[in-house]
Each structure stands twice: as structure tokens, then as C-alpha cells.
Amino acid sequence: MNQAFAQSTPPAPGAANTTTATTTTATQAGAPPQPGPFGMLMPFVLMFGVIYFLIIRPQQKKMKEHQETLGKLSQGDEVVTTGGLIGKVTGITDRVLTVEIASNVKVKVLRTQIAAVNPDLATGKGLEATASR
Numbered sequence: 117m118n119q120a121f122a123q124s125t126p127p128a129p130g131a132a133n134t135t136t137a138t139t140t141t142a143t144q145a146g147a148p149p150q151p152g153p154f155g156m157l158m159p160f161v162l163m164f165g166v167i168y169f170l171i172i173r174p175q176q177k178k179m180k181e182h183q184e185t186l187g188k189l190s191q192g193d194e195v196v197t198t199g200g201l202i203g204k205v206t207g208i209t210d211r212v213l214t215v216e217i218a219s220n221v222k223v224k225v226l227r228t229q230i231a232a233v234n235p236d237l238a239t240g241k242g243l244e245a246t247a248s249r
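Each residue of the sequence shown is one higher than the last, beginning at 117 in my numbering.
In short, the hints are calculated from the structure, not lab data.
Treat the hints with caution; some may be incorrect.
[Said to hold, decoys possible] With a straight-line Cα cutoff of 20 Å, these simulated DMTMM-like cross-link-like pairs (lysine to aspartate or glutamate) come out:
#1 Lys204 <-> Glu216
#2 Lys224 <-> Asp193
#3 Lys222 <-> Asp210
#4 Lys222 <-> Asp193
[Stated by the list, open to error] Each pair of labels, with its calculated beta carbon distance range:
#5 Lys222 <-> His182: 19 to 29 Å
#6 Lys180 <-> Asp210: 14 to 24 Å
#7 Ala231 <-> Tyr168: 25 to 35 Å
#8 Lys188 <-> Tyr168: 23 to 33 Å
By construction, the Cβ of each residue, glycine as well, lies at the ideal position given by its N, Cα and C atoms.
Between the sequences and the hints, there should be enough to build the whole structure, so can you do that?
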């Protein structure tokens with residue numbers, strides 16, 4: 117709703133007895149100024165910045181480290197697959213690893229399905245710790 121408020125001004129000296137009225141609306145006089153286009157985009161920029169530094173960047177860093185680990189795989193490494201199999205790498209190609217999960221039991225696993233290279237398993241500490249649970 118617009119409400120008009122009239123303000124009278126005293127007559128100018130030498131002028132006739134006429135009053136001039138200026139009107140202002142309540143929405144113009146009492147309303148805060150509207151933000152510009154930069155002010156409207158600022159919350160979105162801040163939200164993207166928070167999401168980038170808390171979610172996207174750490175995930176990219178983790179993926180890069182995992183790719184480096186997969187690139188350094190060699191025969192004899194103890195690995196854990198995404199399916200939960202634990203075994204020793206006995207053969208390596210570009211895309212496929214041969215993993216021995218028990219004596220004379222070998223499975224072929226895609227290199228991308230290796231979840232972790234576990235150095236504790238190579239010393240036997242990891243197998244004893246998991247067996248005692």
C-alpha cells in the first residue's frame with residue numbers, strides 16, 4: 117500500500133499565499149536500498165566457495181593420491197579390493213592385476229577396483245590383527 121504524506125512549505129516571500137506540497141511514499145522513504153547485481157550474487161559466490169573448499173577440493177586431492185598409489189603397484193604388494201578381498205599381487209598388466217588370495221588361488225581384478233595397498237599386511241601384523249577380532 118502506498119501512503120502519501122504531504123509536507124507544506126511556507127510561501128516564498130513576495131509570492132502569493134500558495135502552498136506547494138511534495139509527496140513521498142512510505143515504501144520509498146522507509147525502505148532499505150535495494151542491493152545491486154553484485155550484492156545479489158555475493159551469497160551464491162560464498163556458497164560455491166564453501167562447497168569447493170570443504171567438499172570438491174579434498175575429494176580431488178584424495179582421488180589424485182589414489183591414482184598415484186595405483187600407478188606404483190608392483191608384484192608382491194598386499195592389496196585390498198573394493199569387494200573386500202585381501203591378497204598379494206602376482207601379476208600386473210595395464211588394466212588387470214592378478215591377485216593371489218590363498219595358496220594356488222588367483223583372481224584377476226581390475227586395477228581400478230583396488231581400494232588400498234596395505235603395507236601392514238606385508239609384514240603379517242595386519243593379518244594377525246584381523247584374525248584375532
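Here's how the hints hold up against the structure:
1. Lys204 <-> Glu216: holds (5 Å)
2. Lys224 <-> Asp193: Status holds; Cα separation ~15 Å.
3. Lys222 <-> Asp210: OK: Lys222 and Asp210 at ~18 Å, within 20 Å.
4. Lys222 <-> Asp193: Given that 20 Å is the threshold and the Cα spacing comes to 14 Å, the pair holds.
5. Lys222 <-> His182: 19 to 29 Å: holds (24 Å)
6. Lys180 <-> Asp210: 14 to 24 Å: Once the Cβ atoms are compared, 19 Å apart, the range 14 to 24 Å for Asp210 and Lys180 holds.
7. Ala231 <-> Tyr168: 25 to 35 Å: At roughly 26 Å between Cβ atoms, Tyr168 and Ala231 fall inside 25 to 35 Å, so the hint holds.
8. Lys188 <-> Tyr168: 23 to 33 Å: With a Cβ separation near 29 Å, Lys188 and Tyr168 satisfy 23 to 33 Å, so the hint holds.
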